[in-house]
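Trainee: Put together the whole structure using the sequences plus the hints.
Just so you know, the sequences run in chain order A and B. Read in numbering that gives the first Met the number 0, the first sequence has 64 at position 65, and its numbers run on one by one without any break. Read in numbering that gives the first Met the number 0, the second sequence has 493 at position 494, and its numbers run on one by one without any break.
Quick caveat, the hints were computed from the structure, so don't treat them as lab data. Just so it is clear, CB atoms sit at the ideal spot from N, CA and C, and this is done for glycine as well. Among the clues, some could well be false.
[Claimed, not checked] Just some of the chain A residues that point at chain B, by a computed CB distance under 10 Å: (1) ILE7; (2) THR8; (3) VAL17; (4) GLY21; (5) PHE28; (6) PRO60; (7) MET72; (8) SER73; (9) PHE79.
Here is what each chain is made of, one letter per residue.
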Amino acid sequence: MTPRQRRITLVVGILAGVSLAGVLALNAFRDNVMFFFDPSQVAAGEAPIEKRFRLGGMVRPGTVDRRAGSLDMSFVVTDFKQDVKVVYTGVVPDLFRENQGVVAHGRLGKDGIFVADEILAKHDENYMPPEVARAVKEKHGGVMPVNPDSAAPPRT
Amino acid sequence: MIAEIGHYALILALLASLAQAFFGLLGAARNRDSWIATVRPAVTVQFLMSSLALAVLIVAFVQNDFSVEYVAANSNSALPVAYRIAAVWGAHEGSLLLWAWILVAWTFAVAALSKTLPAGFAARVLGVLGLVSLGFHAFTLFTSNPFLRLDPAAPDGRDLNPLLQDPALAAHPPMLYAGYVGFAVAFAFACAAMLEGRLDQTWARWTRPWTTVAWAFLSIGIALGSWWAYYELGWGGYWFWDPVENASFMPWLVGTALIHSLAVTEKRGLFKSWTLLLAILAFSLSLLGTFLVRSGVLVSVHSFAADPTRGMFILAFLVIVIGGALTLYAWRAPLLRSEAGFEFTARESFLLFNNILLVVAAGAVLAGTMAPLIADALGLGTLSVGRQYFDPVFLLPTLPLLALAAVGIHSSWKKGRLGERRKAVLLSLVVGVLVALVLVLGAWQGAMLLTPIGFALGVWLMLSALVDPIDRWRRGLSLSRGVVGMAIAHAALGMFVISITAVESYTRERDLALAVGETGQVGEFEYRLRDLRTVEGPNYDALRGEIVVYENGREIGLLHPEKRNYWVQRQVMTEAGIDMQLTRDIFAALGEDLGAGRWSVRAQVRPLINYVWLAAFLMALGGVIAATDRRYRPESAG
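Mentor: Structure (structure tokens):
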């Protein structure tokens, strides 16, 4: 090969590799991105069935139910318009409690019950995940205990 | 009174940076020696003023001056003195001040060590650095002033977030900033070269040690943050593809590409415009990281205060710096053509692919990090991108990279021959494959497809990296620091791969519900809750569990996880109990009271996880050793 051909081969090879990576990344992206839904969207049937997504809202007071001594629990996530029942087995975060913002990762069953495999609550009592704050605010007329100044710890 | 001194010092630092930028850039452009001569004094003034400002804030914290709003918000009289100092950078305003100070300290070091550089070039470098610090001083003064007073003064402070009361996290921001800001030096060298329209191998030799040291700091900073998230947040792993983590990882990836590309530019005078582009990108990504973290646009597990003014300021700064540098690049880079050629299998090719793969990996991380922001801005819904995306798209470019590295470190410049090293490379590959097979088939059950690949690549790279120094040592040849540093860094990368393979493949984890005296099964391990009692700390009280861990009936660990209740912030904190052993970490964290006398317990056993961070520190050590090689010292610089 002449140097020119060699350079062309190299450039073509690199382009092919980079485009392949791009295609694969897009694929991985399409299959693995998780969308966020609030209870109203779930009630309206916008959320997919049996596909992982993030459900966010407030923990409705008086709905946290746990069989004594067991890791199985259930609670209701609300945006003050609609409710979704969530079941979960495992340890919940320190700041999980009634009337606080929560995000659950999991799948919605055909029975309308959300089976969570991960529960997130933020590291601050006054903090609420922005998407939850927005979801609740839109439904509730903006009276939310969100204090942005005391959001979670800096870690730059 | 003292806070006002800090405030004035900050204003003076801003003015000094203005003078530094003005006289540095214009003095060099107009060739006025008297202007150029004022640049170094301006740097000194800026350094003194910036140090004074930082010192004043530290004093305010140590003296519990709660008439300063920032101190009142982030400290408390009950806080130990060491954490009062760390609290200086515990929140936004102070960390910016620290950031700016580190930038000025780097500038000061460049000014002191650049006396052998041509005067005009040094003036341009310092001028560009002056512009960058001008931006940061202005940002601090106009949007995030830590010296503002609180009237009336608070009787006591609101305390430092308990999560931040930790030695690793106290050291994490300074290290990380030193890395971020260190790339500003490479950036300034790149801009100065483009302004001069001249970039030769000497330029690369000046730039290399600065970049490598910055990269080492960034490595340590990231490792400390990751370690902290593991044992303090109790996340139970080393990496979560959290946007804030990604923000620091992207500049690291591009910075890694940059130090390799600089090697080619120094040794062979090639890749010049590519090196410049990487230098611009590395610093741009550092700024982007700041923007992402500081503007509050990210939905992160540890998200930050949203403040539109600050976000807009950083965004504008970002646009000016990146836009300006790229414009300069488009205009000037074509002047800097490389002449020489190389064979397809020469070291240059290996480093070229190293660069491509690293940049592709950084691009994939960038895409995943920015996608939620872009989708949100375009109204496409709220989405999040997790490890299901990041793991495959990151491994795809980086796995071949490891194999390339294992061979490439033995290739020679220009000519594609491995020579006598061919045998050693093959031998290490064979050993790697054998070790992988033994590990996967033998001692440890539960492997996945990637497990043997990871072990084989890791062992191969580790051995291959050590061939050169051992061979030279045996033959009584001289060992330069460059050779030793490079061997340590690459062997550490191999060690890193081995340890993450072990963690990913053989972690045992389970949530248990235990009452005192009960036992739960976690894989082949048994966790027994032996005791649960209340204890009291300096500024908290805690419920303390005592958990014994057995493997095949033999006691292998004793853990003391705590559930702490901090008095001032009234915050409940989980303090995980971790038994660090040579080959594994045994971990337990208390969850909550489940009723019926039972508590939930997060139980995990992770093999080799500490070697992940140890490897990161060794990589940084390798970088520092290489950066202190004789040929970079001023007296031997040609």
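Trainee: Hints numbered earlier in the text: which of these fail when held up against the supplied structure?
Mentor: 1, 6, 8 and 9
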